[in-house]
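J.: Each chain, letter by letter, is given below.
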Amino acid sequence: MQMNRADLLHAYRTMRTIREFEERLHLEFATGEIPGFVHLYAGEEASAVGVCMHLTDRDKIASTHRGHGHCIAKGVEVQGMMSEIYGRKDGVCGGKGGSMHIADLSKGMLGANGIVGGGPPLICGAALTAKTLKTGGVAVAFYGDGASNQGTTLESLNLASIWKLPAIFVCEDNGYAESTASSYSVGGSQAKRAEGFGIPCQEVDGFDFFAVHEAARVAIERARNGGGPSMLHVRLARYFGHFEGDATTYRAPGEVERIRNEQDCLRRFRQQVSDAALLDSGELDVVDREAAEAVELSVRGAKAGAPPTEADLLTDVYVAY
Amino acid sequence: MSKKSYRTAINEALRQEMRRDPAVILMGEDIAGGAGAPGEQDAWGGVLGVTKGLVGEFGRERVLDTPLSESAYIGAAAGAAATGLRPVAELMFVDFVGVCFDQIFNQAAKFRYMFGGNARTPLVIRAMYGAGFRAASQHSQCLYPLFTHIPGLKVVLPSSAYEAKGLLIQSIRDDDPVIFLENKVQYDEEEDVPDEAYTIPFGEANLTREGRDVTIVAFGRMVKIANEAADRLLKQGISCTVLDPRTVSPLDTGTILDCVQETGRLVIVDEASPRCNMATDVSALVAQEAFGALKAPIRMVCPPHVPVPFAPNLEDLYVPNADRVEAAVRAVMGFKARELA
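Protein chains in written order, with this note's numbering: chain H, 1 to 321; chain P, 1 to 341.
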């Protein structure tokens, strides 16, 4: 656990902010005020934060449908995200992207993605840019167990391997691709798939921030040092449905409650830092309050924001046409 | 200025842009050839030799042979373009777009709009199109209407060697995703092409000839066929304007409408399958915006609505030719209003 107090607090604050953001969206979505779909990341926070703690703005990530956590972990502003999800002009994408397309290239965040398996090829390209222009950057593809079965993902593993790209493939295995269990849909194992492409894979407990953080450190250092791509197979759980409104009848009775009570990554983090006397619960409670306030402010700001204007319909298709 | 083939003109454009800008890289299947193999390097230089010699000058860091894995490398080209490179990815035959279309139309084409104007994706995808090569149904299609349909993409159809060089350099310097389609039966066609780099702007049609009686709008290789027909028609006293739009997205609608206003008759020659192709698109434009100028119904010269056949006699029947263009022009010239009844 080689982290200083500031880093520990940052990690906890980021994870707590994601949790607050998603729990709040769960409530707000039910009011009918948010257009479209949202796919919530609550429960999986340790993965996004454990990986992105090692990255700076020159490093790139590609995300998934379930992208809010990756955005916050990569430093995208919470207000801009919330406004985007409400379809506001001052959203981070001007209200033209929405939840499934939040991106902030200035932060190295290449977009949530509405296409399952859309991200891994893009990350090969971002890694190729880093390698060709010698930026020292790395590129991380977050994808789920569902996307692990897409040809794009398997082709990308091969391409990253033969070109020795500074890429990290983070398979966030929450056990369900939509309503279908990964035990049904994934043949063989993620680790053996990686091995088949000549890529090392670490099995990671996604409920343990420190386990993710350490595994990511190894993979990212390897990529930065020219060692080529790695895979992290992170097992974790989502607390809500595939999308908001999914009744999750396919999950076992009590499954989510048991995970929340016994394995929750935030609760575990608190326990770990308290046991090691690194942070006390009082300062963590302060972070909890501040995260809740930040999310509350962002919701108020989003609700008060203006929608895009009619003229915005036609802009931003091309740089020049 | 010297005589150069369509193939050489494209090769020269790539070479000059790679010399000018280190962010320009090439990727594609066998664009050098021989990667990892014991024999000759640069063994192919692309399946029809268009990129031959480039790996020798720029090395394998900038001329990347890919695995047969279009989803991965077309997507990688999009990701590289969004993060600072100017990739020119070769899709070989445009027919192969079926296995990587998502990366083009859901990813590269939409980044800028979805991300609120904050993305820039200077990607060029080169691919061969067109029938006449005896390559049958899966290696002979046009498919440019598919790309034209997608907001966010630009689509370029160079009709000759001169056009190919100037339009490709423009494509590489352009900051939006560009689909650059090369007609595979034109690679050996030669004409005068300047040695230095030059650009041809997008969305500005080229009038390859101007006439009084009929406007012929033709796309890609069909420009040559339209001019062949126009030569014959001139001997019969019918003078035609032949308009090469050069790019179908953007499309120079202004020049098309101006020409129709002047001639009052329109024939469109499009090698793409006849439903929802460029001919129907231009017909709709003219019907809506210049109906009053028309002295005769618009005629479209297109292939039949069938896959491209293999047998040479069938393929020759399939592709529009100068005889069919000539017949269409004579038909619009011979039209009398009473025939409408």
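Don't read these hints as lab results, they were simulated from the structure. Some hints could be false.
List of simulated lysine-lysine pairs, DSSO-like, C-alpha gap at most 30 angstroms [unchecked claim]:
hint	chain 1	residue 1	chain 2	residue 2
1	H	K134	H	K164
2	H	K134	H	K89
3	P	K224	P	K235
4	P	K52	H	K134
5	P	K3	P	K295
6	H	K164	P	K224
Everything numeric in this text was worked out from a predicted model, so none of it was measured.
J.: Could you run down the list of hints and mark each one as holding or not?
T.: For each hint, the structure was consulted:
no.: 1; hint: K134/H with K164/H; verdict: holds (14 angstroms)
no.: 2; hint: K134/H with K89/H; verdict: violated (36 angstroms)
no.: 3; hint: K224/P with K235/P; verdict: holds (17 angstroms)
no.: 4; hint: K52/P with K134/H; verdict: holds (27 angstroms)
no.: 5; hint: K3/P with K295/P; verdict: violated (41 angstroms)
no.: 6; hint: K164/H with K224/P; verdict: violated (46 angstroms)
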